[in-house]
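Visitor: Using the hints, position chains B and C against chain A.
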Amino acid sequence: MKPKVAFFDFAGCEGDQLQVANLEEELLNLLGQVKVVSFREVMKEHSDNYDIAFIEGSCTRLQDEDRLKQIRKNAKIVVAIGSCATIGGINSLKNYKDLDEVRKTVYGENARLFDTYSARPIDAVIDVDAYVHGCPIDRDEFLQVVKSLLLGKKPDIPNYPVCVECKKNENVCAFERGQFCVGPVTRAGCNSCCVNEGTICWGCRGLVDNPNENSQKEVLIKYGLTVDDAIGKFRLYFGWQERKR
Amino acid sequence: MRIILKEDFAEFVNTLIKNNSLNVIGVKSKGDKFAFGHLESASELRLDYDVTLLPPKKYFFPQRETLVTYNVANGFSAKDPADIKPMVIIGVHPYDIVALLHMDEIFRETKSDPYYFEKRKASIIIGVNIQKMSKWCFAPYMGCAIIDYGYDLMLTDLGNRYAINIGHAKGEELLMKYAKNVTDALARDIQLVGQKKREIMSMAQQKFDFETELIPELLSKSYGESGFWEKHSEKCLACGSCVLVCPTCYCFDVKDNPDLSLEYGERIRTWDGCLLEDFAKIASGENFRPTRPTRYRHRYFKKGKYLFDRFGFISCVGCGRCSSNCLPDIANPVNLFNDMYHETRSMGVQVAPATEPEVDIQTEGNIDYVPKLATIVKKVPMTAKETFFEIKLDDGSDVDHKPGQFVEVSVFGIGEAPISVSSSPTKKGTFELCVRKVGNVTTKLHTLNAGDKVGVRGPFGNGFDAELLKGKDLLFVAGGLGIAPLRSLFNYVLDNREDYGRVILLYGCKEPRELLFGDELLALAKRDDVEFKPTVDWCPENEVWDGNIGVITTLIPQVNFDPETTYAIVCGPTIMYKFVIADLKSRNVPDNHIILSLERRMKCGVGKCGHCQINQIYVCKDGPVFNYSKIKGVPEAL
Amino acid sequence: MKDKNFDVEVHHVTRVEGHGNIYVNVKNGTIKKCEWAISEAPRFFEAMVVGRQWSELHHITSRICGICSIGHTLASLKATEAAMSITISEQDLKLRKLALHAENMQSHLLHLGFLVLPDLMGVGSVIPLASSNPEEVKTVLRLHRLANEMSDLLCGRTTHPQRLLPGGFSKIPSMRELTSLRERLKASVPDLEAVAGLFKSGAPKFPDLVRETEFIALTNPDEYALYDGKIASTDTGTVPVSEYLSFTNEYVVPHSTAKRAKHARESYMVGALARLNVNYDLLSPLAKKIAKMFELKPVCHNPFMNNIAQLVEVVHGVEDSINLINELEAAGLQSQPDYNVPEVKVKAGRGVSAVEVPRGILFHDYTYNEKGTCTKANCVIPTNQNHGNIELDMKALLPKILGKTEKEIELSLEMLVRAYDPCISCSTHYVKVHFV
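Chains as they are written, first to last, in my numbering: chain A, 57 to 301; chain B, 426 to 1063; chain C, 3 to 438.
Keep in mind the hints are simulated off the structure, nothing from the lab.
Some hints here could point you the wrong way.
[What the hints assert, rightly or not] Below are the EDC-like pairs computed for lysine to aspartate or glutamate, each with C-alpha atoms no more than 20 angstroms apart in a straight line: (1) C:Lys-294 <-> C:Glu-321; (2) B:Lys-706 <-> A:Asp-212; (3) C:Lys-409 <-> A:Glu-101; (4) B:Lys-602 <-> B:Glu-436; (5) A:Lys-210 <-> B:Asp-703; (6) B:Lys-453 <-> C:Asp-340; (7) A:Lys-209 <-> B:Asp-703; (8) C:Lys-378 <-> A:Asp-285; (9) A:Lys-100 <-> C:Glu-58.
Computed from a prediction, not measured in an experiment: that's the story for all the values here.
Chain A with its partners taken away, still in its complex shape:
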């Protein structure tokens, strides 16, 4: 019996669902193992009878909560995919701003028509069984999580920093190149893909379980970043996780 899966999206860019489409030929293999019963972006049919729900995007409004709770009721397993769903993602940048200011900036006098509250990951509202981190998700990691769910095993998501993968890939450390990186406190599993492409880690996979944040901030400042910029670096993706701490 193939498990029934459904895809849902909230406040996000749909880039994670695109990664599923980008599986290309592997997508056909995936369809051999699961039955997709709802995937609004790709198919007309919809069913509320599903075993596994993949959810992309953050919860940014009170009315999103009801929809999330309904999905939780219908599904046996809920998987958050992508940073917006797993940690709040880039949406959480706005949490640091006065939300009224934000609405006025974008909508002018019509601001009163648009409601919003702090962007949050979906596990702030419902229980989540598995996470596929990243902005966007890594296709191989997505498949690894799917395989784990099919096998009945807890997915193996690293609890060590990106530095581990960066060193294995023999990169020249960003700090040695005069750049500033939050890899030492960011959860690995992406194979240090951004540093491999010649840049830095921006922290899109969220903090490891027990980051030494003070040490990381000190390192950033030691290498030349201002205090404000160091704090700013942590707000890009860690906005929700930082507030919780």
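Guide: Chains B and C alone, transformed into the frame defined by chain A:
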């Protein structure tokens, strides 16, 4: 010594590159740094480098390597090593060569790692003497800046030419076959090389304030130093950089990677590091090295003391990579040891060089990473969390274990878990396991049924010394799941009853419904050659219990025994040991009459991957059975 | 049709990116309501980037969209570069154009193969097609994969590309990699022709709707404008990019509360069809051939032909990419250091950029202070600019199809929306409206 002009050397390298049967590797630039990489042309070589990002060990012990492949229909097989192209690695500095020699010893201790050695055998090392030394390097202090062995060829830059020392016939053959215009060195050349070597010895910018041979003893006096390790590790990010770039580190993790079809897959080993938070964590969530100071300290002790005691060398070659890669700058061994030396001296403690340890490295065959296919013959759930399995190996053989040993059980696509064998070796044809559902492998195992297949490797570990116990009175103390490994010895003893004196079994669980092997124990209670006392911590209202109520230590006063003739064999949750041992000691049981079976995170089962280490001890190899007298001084043990 | 009474309510139209609703109410044969309402949660990007550094903006704005990330990133970089007077090398310009082609190809192929094709084959999604028409599906996947791998090669990855930086690239492909890509592009032509054939046989299913409207796209005398150009309107003519506000005129609509745009008429259209209408003569030879196959030529006012215009652009993308690689090869590829960081002299300023992304013309407008901190930002998304047109097209189509069944009407309206290939979550200005 020979001489070759630089142009001729370049041509030699280009000739090697053109030879398709060789993989020619050399030091190249990468950003502002350097790294070993595949050479397309001799012009890419940067023999004037200071240090590479990663050491050449990546060619012999790669970051990621498939060990075993599996197919649900046929079982497991070793990854075919067939197509290892011979490698010529050009530009290895002496400290990295020494590191490879350390790795050789480590990978052949007791059992040899075939994946490592087949690559070592297929390679030719062309070393180069250091021209520029990184500011972090302290190899001269570790005796690793200049060497005269371990390489096939060693180059020294003499301006327009290289001096070549021949280390091994393999190197000479390579030279003769592919190089032109190789002449004998003149006296002047030999003198120049000597001069260069002397210069190298004074290039280090790092300075030790003491003789580095004091390091092992210095460490042994600093283990519990209050505040020292906390102070030094406060800024640790647990990023693992220091160990991942280290030429002598060899800890690894093993993971299974199934294909999407779930029909087949591979088992992969990948670099791991003891500084990482979950390195010593087991499936139940218990972490045996949970804090930064304990993990930070472990690295220094492993390099400077434990490996020294086992192999006779301090396993640090002074390359300085750890120091240069540590962002908060806390990983520099020079700073740490200098600080340790001064603190120790200021407390008036004298330190002398350690006596050379007695080293006897034996190799008894290859490590077998490939599980044997086995079939579940019987499955009986015993409690809510534990299930009993009877298993037979498909090839008809017996596990042939000693009581107390464990096997590594594989479940297709999930992984491998260490489980003590619960049956006595006197039971032939099948063996028994009592498995608690706690992590991925055990949870999946619980869903399997008679007829399903699993993989089995082993037996591993040292097991109980049944000979030593002959003629003695035996006091078994089992807590919870601890009864499972003890049962293998217990049943063995019962099968050889006349060889042993009194046999007493004390067994404690949290509550009655958690008792394991209930029926067997009832039968035991009826025997008159066994004294059986069970207890539960408490008895809930809806359960029936007429035995003792209280923790296991409440049973000990209820037993009369002679400490001189009695051996206590103890196994249970970590917290239990302290209290049981205290009670036994208060009854004058000698230290060496107390035998424990400990658990840790075990992966390879053969003392290589590093996860099960308790200070200098490998639980999978030197244990899991320990005589208390041997480990009472081991801080991380209990 | 006086007895025609029905409601069509499509909540969260399927096979479009983002959340949009169609509301239709017909009473006694009269259309009482015909609305296209957006229900996407607002994310407020223009406010989020205020206070962030010039070196971060492209990373943040890339996250506006997962499908046209490369386009948003390039628009963002161009705006920052315009604000700080940064120029990029000829080589980097060609590499960016290749990146944009890769994105256009990837997005159009996804849209055509996954979102539109099922309607033409009478199924609910591409999933049953995987069993009934495996070869066709594999052809689309092959082409899609080529476009993705091209994005990977040039930008690091399709979604949220890492290699694109202010002033250049962190890493560039080797000439060997580019020539190998060129071979694959050349070899893809049979697959392209197969897809064209597939759509030729399905095209009759598109309703023949012609409603005159204004088309706005970039225009450039030297090439089919995607990366650079001036803003052109089929009604009024050309203006420089800096005057974009005079064209977009965004406004909030009470019943839908989604920002819309208008210029010379009630609404205008952007996207592949608009681009083709403006730049037709500069299409590559094979692309023109495909256009002729469908009798598509300027000025075409049938929004369903936006689908075919996308197909034509894929072919053009392949051919133009081959040309760009030839040019890079002829000039010789200049290498750059590993982990390159282009030099940027930070200064205060305002920069406006326009880039054609798959769904139409995209504007980014940034203001920086002397420290390089963003003080103001404005983004005008292509799909915003299409909403007015979508609704008017719906209103024009509905009377023509009133005689059909409710299911058919629903499908036709959905196909109309899909033809626009809207990228709804791209728009930062959408809100859900509750209808009682």
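Visitor: Could you run down the list of hints and mark each one as holding or not?
Guide: Structure-based check of each hint:
1. Taking the CA atoms of Lys-294 (chain C) and Glu-321 (chain C), the gap is near 17 angstroms; set against the 20 angstroms cutoff, the hint holds.
2. Only pairs whose Cα atoms come within 20 angstroms are accepted, and Lys-706 (chain B) paired with Asp-212 (chain A) is accepted, the gap being roughly 14 angstroms.
3. Between Lys-409 (chain C) and Glu-101 (chain A), the direct Cα distance comes to roughly 14 angstroms. Compliance with the 20 angstroms bound is thereby established for this hinted pair.
4. At most 20 angstroms may separate the alpha-carbon atoms for a hinted pair to count; Lys-602 (chain B) and Glu-436 (chain B) meet this at roughly 13 angstroms.
5. As the CA atoms of Lys-210 (chain A) and Asp-703 (chain B) are separated by approximately 16 angstroms, the hinted pair is consistent with the 20 angstroms bound.
6. Only pairs whose Cα atoms come within 20 angstroms are accepted, and Lys-453 (chain B) paired with Asp-340 (chain C) is accepted, the gap being roughly 13 angstroms.
7. As the CA atoms of Lys-209 (chain A) and Asp-703 (chain B) are separated by approximately 18 angstroms, the hinted pair is consistent with the 20 angstroms bound.
8. The hinted pair formed by Lys-378 (chain C) and Asp-285 (chain A) meets the criterion: a straight-line CA distance of about 19 angstroms does not exceed 20 angstroms.
9. Taken as a hint, the Lys-100 (chain A) and Glu-58 (chain C) pair is broken in the structure, with Cα atoms around 38 angstroms apart against an allowance of 20 angstroms.
Hint check: a violation occurs at hint 9 only; the rest are consistent with the structure.
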